[in-house]
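Dock chain B against the given chain A, drawing on the hints supplied.
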Amino acid sequence: MRERLQELKYDMLKCNRCNFCKMAPFPTIVSKQYEDICPIFKHYRMHGFTGSGQSYASIAILEDRVTPDQTFAEQQAACTACGACTTMCMHHTETDRLEINMALREHLVDEGFSPEVHKKAIENLKQHDNLYGDLKISPGAWAEGLNLKKFPEQKAKVLLFAGCATRYNAAYAASARKFAELLLKAGVDVGILGDDEPSCGLPAFWRGYKDVFVDKAKSVTQQLNDLGVDKIICMGGSCYGTLKARYHEYAEKPAIGVFHATTVLAELIGKGKLALTTPVPMTVTYHDPCYLGRRSEFKNKWQGEIKTAFGQMDYYDPPKRHNFGTDGIYDEPRKILAAIPGLTFNEMHRIREYAWCCGGGGGVHDAVPEVEQSTALNRLEEARDVKADCIVSACPYCENTFSLTKKKSDRKEIREMQVLDIVDLVYKAAGLDA
Amino acid sequence: MYNLTDEQRKKLVEIVGEENISTEPWQRDAYGIWFASQPRPDGEGVYWTERAAAIITPRTVEQVQKITQYCNETDLMIHVTSTGQLVAGAATFDHTLLLDMSRMDDIVSMDGENMTVVVEPFARSIDVQMQSWKKNCNPYVISIGAVGSTLAAATSHTGYGSIGTSCGYGPRTLLGVEWVMPDGDVIRFGSAGQGSGWFTAAGPGPDLLGSIRGFNGAMGGLGAYTKAAIKMGPWYGPSEIGGDEIAFGCKTPSNFIKKGGLPKNMSLNTTIYPSMEAMSDAHYHMHEENICYSGSRMPAFVLAMAPLKDNASLVKEWESGFHKKIYGYTLSNQIQGASQDEYEWKQKCFNKVVSDAGGIRMRGVLKMYPKIAEDIMKLFHAGLSPDEYRTLQLDIQARIDALPVTPIDIMAAGASTAAALRNVDPGLARPASAMFTLGGNLDTWDAGVVQNKLTMEIKEPYVTKGGILDDGVDTGCGNPYEGGHLGYTENVFWVNRVNKNGAETLPKAIGDAVTEIQKGISSFTISSGMNNERFGPYEFDYQIWTKRIKKILDPNDACDSTTYSGSPDHKEVPMNG
Numbered sequence: 560m561r562e563r564l565q566e567l568k569y570d571m572l573k574c575n576r577c578n579f580c581k582m583a584p585f586p587t588i589v590s591k592q593y594e595d596i597c598p599i600f601k602h603y604r605m606h607g608f609t610g611s612g613q614s615y616a617s618i619a620i621l622e623d624r625v626t627p628d629q630t631f632a633e634q635q636a637a638c639t640a641c642g643a644c645t646t647m648c649m650h651h652t653e654t655d656r657l658e659i660n661m662a663l664r665e666h667l668v669d670e671g672f673s674p675e676v677h678k679k680a681i682e683n684l685k686q687h688d689n690l691y692g693d694l695k696i697s698p699g700a701w702a703e704g705l706n707l708k709k710f711p712e713q714k715a716k717v718l719l720f721a722g723c724a725t726r727y728n729a730a731y732a733a734s735a736r737k738f739a740e741l742l743l744k745a746g747v748d749v750g751i752l753g754d755d756e757p758s759c760g761l762p763a764f765w766r767g768y769k770d771v772f773v774d775k776a777k778s779v780t781q782q783l784n785d786l787g788v789d790k791i792i793c794m795g796g797s798c799y800g801t802l803k804a805r806y807h808e809y810a811e812k813p814a815i816g817v818f819h820a821t822t823v824l825a826e827l828i829g830k831g832k833l834a835l836t837t838p839v840p841m842t843v844t845y846h847d848p849c850y851l852g853r854r855s856e857f858k859n860k861w862q863g864e865i866k867t868a869f870g871q872m873d874y875y876d877p878p879k880r881h882n883f884g885t886d887g888i889y890d891e892p893r894k895i896l897a898a899i900p901g902l903t904f905n906e907m908h909r910i911r912e913y914a915w916c917c918g919g920g921g922g923v924h925d926a927v928p929e930v931e932q933s934t935a936l937n938r939l940e941e942a943r944d945v946k947a948d949c950i951v952s953a954c955p956y957c958e959n960t961f962s963l964t965k966k967k968s969d970r971k972e973i974r975e976m977q978v979l980d981i982v983d984l985v986y987k988a989a990g991l992d993a
Numbered sequence: 031m032y033n034l035t036d037e038q039r040k041k042l043v044e045i046v047g048e049e050n051i052s053t054e055p056w057q058r059d060a061y062g063i064w065f066a067s068q069p070r071p072d073g074e075g076v077y078w079t080e081r082a083a084a085i086i087t088p089r090t091v092e093q094v095q096k097i098t099q100y101c102n103e104t105d106l107m108i109h110v111t112s113t114g115q116l117v118a119g120a121a122t123f124d125h126t127l128l129l130d131m132s133r134m135d136d137i138v139s140m141d142g143e144n145m146t147v148v149v150e151p152f153a154r155s156i157d158v159q160m161q162s163w164k165k166n167c168n169p170y171v172i173s174i175g176a177v178g179s180t181l182a183a184a185t186s187h188t189g190y191g192s193i194g195t196s197c198g199y200g201p202r203t204l205l206g207v208e209w210v211m212p213d214g215d216v217i218r219f220g221s222a223g224q225g226s227g228w229f230t231a232a233g234p235g236p237d238l239l240g241s242i243r244g245f246n247g248a249m250g251g252l253g254a255y256t257k258a259a260i261k262m263g264p265w266y267g268p269s270e271i272g273g274d275e276i277a278f279g280c281k282t283p284s285n286f287i288k289k290g291g292l293p294k295n296m297s298l299n300t301t302i303y304p305s306m307e308a309m310s311d312a313h314y315h316m317h318e319e320n321i322c323y324s325g326s327r328m329p330a331f332v333l334a335m336a337p338l339k340d341n342a343s344l345v346k347e348w349e350s351g352f353h354k355k356i357y358g359y360t361l362s363n364q365i366q367g368a369s370q371d372e373y374e375w376k377q378k379c380f381n382k383v384v385s386d387a388g389g390i391r392m393r394g395v396l397k398m399y400p401k402i403a404e405d406i407m408k409l410f411h412a413g414l415s416p417d418e419y420r421t422l423q424l425d426i427q428a429r430i431d432a433l434p435v436t437p438i439d440i441m442a443a444g445a446s447t448a449a450a451l452r453n454v455d456p457g458l459a460r461p462a463s464a465m466f467t468l469g470g471n472l473d474t475w476d477a478g479v480v481q482n483k484l485t486m487e488i489k490e491p492y493v494t495k496g497g498i499l500d501d502g503v504d505t506g507c508g509n510p511y512e513g514g515h516l517g518y519t520e521n522v523f524w525v526n527r528v529n530k531n532g533a534e535t536l537p538k539a540i541g542d543a544v545t546e547i548q549k550g551i552s553s554f555t556i557s558s559g560m561n562n563e564r565f566g567p568y569e570f571d572y573q574i575w576t577k578r579i580k581k582i583l584d585p586n587d588a589c590d591s592t593t594y595s596g597s598p599d600h601k602e603v604p605m606n607g
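As you go down the protein sequences, you meet chains A and B in turn.
In terms of the numbering used here, the first sequence is residues 560 to 993.
In terms of the numbering used here, the second sequence is residues 31 to 607.
Think of the hints as simulated: they come from the structure by calculation, not from any bench.
All clues stand as given, with none of them false.
Covered, in the sense of this in silico footprint (three residues per stretch, anywhere, with C-beta under 8 angstroms from a C-beta of chain A), are these stretches of chain B:
(1) 334–342
(2) 462–473
30 angstroms max Cα-Cα, derived DSS-like pairs, lysine-lysine:
(3) B:K495 / A:K568
(4) B:K530 / B:K339
(5) B:K346 / A:K860
(6) A:K568 / B:K346
(7) B:K355 / B:K495
(8) B:K339 / A:K860
(9) A:K866 / B:K538
(10) A:K568 / B:K538
(11) A:K601 / A:K858
(12) B:K165 / A:K946
(13) B:K397 / A:K866
(14) A:K858 / B:K339
(15) A:K591 / B:K339
(16) A:K879 / B:K495
(17) A:K568 / B:K339
(18) A:K858 / A:K790
(19) B:K354 / B:K397
(20) B:K346 / B:K495
(21) A:K601 / A:K679
(22) A:K879 / B:K346
(23) A:K866 / B:K339
(24) B:K397 / A:K879
(25) A:K591 / B:K165
(26) A:K716 / A:K832
(27) B:K355 / B:K401
(28) A:K858 / B:K346
(29) A:K894 / A:K832
(30) B:K408 / B:K346
(31) A:K879 / B:K355
(32) A:K812 / B:K339
What follows is a list of derived Cβ distance ranges for each label pair:
(33) A:E972 / B:D141: 31 to 37 angstroms
(34) A:K832 / B:D439: 39 to 45 angstroms
(35) B:K530 / A:K716: 54 to 60 angstroms
(36) A:E972 / B:P434: 45 to 51 angstroms
Built from N, CA and C at the ideal position, the CB exists for glycine as well.
For reference, chain A alone in the conformation it holds in the complex (with noise of 0.2 angstroms):
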């Protein structure tokens, strides 16, 4: 791997340390308490955690002045792998800071360096195709008894990919039956892999694992276009960013379109297809899940020539699709709490492409727990002072920190705020929550 970090010292190099890796966009931020974008600099305030402090360590690595260890491993993994600095520093270096990052966690895995707990679940991966070991409980489990259609031996248009974060919490494989019950009410043909169903593989490719992931993308991406389905449709925004994103980034993506469950919701919505009637008569705010927004952009390999202007200047040729996390999902989630008759929708400060981290992501849940507490509450906060009763997202991930973390807030109404994916909303809106 230490050939891919040499690719990136170009990139490293023109980190001109502006500090705007850390920061939300000034026009954006309204209070202090909500203007960081980094949440690894949030915790532990010293400048190598951060886009610009990751790019220069990299450089001494390859420039020979610091030697890989295991201590450097585990203070690295602290990153959360939400990619904030690469939409900020997008702008102003036309760089992506997190592929330096995670070239960087590839290097050290390369040369046998990584959290021990980070080995512990990546054996579990190769071993049990889940992060947590032997459950006990099939994949398929959280469907039983919604008569859905069972791919391969059945056919359907559409496969429903749960995703192991979801159909491994009774919570969230609760949401994936409300879906799955959603799309039977509006139609839509469907089917699932049940104990088939693969994990993306996203866990390898947060903890440095390249080659687990990329065999991972490469199995899961054959067994789907052997389908012969028309889309796919996450339940996860992790599995959504994950197929849609990084499949395509380090391997190959699917040659079907893959969606998340907001877009189809959204559409059916929109269609007249699932009538939201009964209200809802709550306060809420919406979560950008990283791999549902920024971390969802499809990231082109650019092939061409760094050429020289005016002497000095490099430049692309032909330009560079740069990713400035734009593209991600952010409307459809908001059309659909907008559509929940009764619901009072409040944003918070950081949206969108430039959307606070839950904290959860990256591997950091078990190598740095204390990193994910912190930015969780800081994001319960937000949702709190923005005066939402409820934080709803559309990730597994996200919510499970959330619902982890408030429990440990000293604040009795942030403890008290529900948690909910964007599902469980429109389940009740569509008249289905008994």
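Chain B only, in chain A's frame:
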């Protein structure tokens, strides 16, 4: 390279706690490159500064004091950084404890009536603005952007900011400091030193303003400033963003959409002129009449770059020559009125100043109106007689004033207003990965204009040889301050960190700046500690005085002072002439 001994580390952990110190080599190297790190001749990277012995994030003044006292007992030194954009963010000796003040970020107090604020080192300008706008005040924001430290802009370095027009020049806004001195004592000077409040830096307590910063600032090299009181300027805009007046969405990458129109007592004006002289006169008059809230001369290259997302687009735009021909001499000014009547009077006065100087008030994207663009080129470049010029000038202005307001106009006004008020950096280093300042001046506005011309003479041959980015050579930025009696200019240039020609050119160009100084016009931006011996003899031998101050205040070498007094050996250079 120096690594702390176990005993040293243990002592420091006792002071700040394990979570606030890092001795990991990778973390220390993460501070080893900074904004203007010099490219290496091999074209493979930049020169590293020394690796600090540790990175420490103290939480209290007591912790800073104890660390400093410990340095007085050992061969360790402190160097202090706040938001860390400049060389203050790096160590210059390997025995340095780099104090990253990021955990000391409070706004201690704010007095709206008297327009003052007391801040800790890492309170960023954006933090202060969010509170001060509610109290009708605004702090000086240095051009690095509101990401920068308000305290550092006043106490420790220098640089221009467009709202200096009405909020004062940063270093002149300092009302008092809490200072952990190099020997570990903590003092407050000015009125705060007598416990009388933070209202003046000059007495009745000790007045040490000249000692702590001089002109350029110690840049973290002379003890630690743990609190500073800052004088703010007035603010007549809305109390917060996000309302109906100034509201910014974030759907677009490089600009910020303003949902409504600007408040009725505010405007953002881009004006263009046929020559440097016309532009300079207009700028001087605007400030002399106190009609502008902010002001900035915007080089054509920066204007071409600001709205674009990448260098590929910039190459196309700059090669077209459009910006050079139209925007060669451009000003950006914000106007605010304390009342509607005052605003309208200021705007009327502004319009007359621009018109009398032969300028044009622009709006929106000129390329959408090719006939107007064509006529402006004729106006500026066809050698018209004065009468012909005036007739065409008025005709163009009338046509621009009659243009409909488009969404692009609103977006451009929103983005430009944000830039003017918070110095939003539009990717200033993007063209070539590193941006430097060749010459600069705080004197009078006219002196700054002359300085810019001299700097262009130095720069041009290197641009011709491709060692400096061909940005049109004239990249003098700046503005008059405080009613026009002060003026600031800075000539920026770009060098590619991975370009051998650029790496070889940079030291030569900086060296040539000596010529500029010998012509008798001071140049502060190259006069930081590391260049003291080189430039001091031409600038009143200031290097002798900084060394003396260092020797007296820091007898035990407890501060890494290269950014202040230069080389650490206290050697005094004979007075020049």
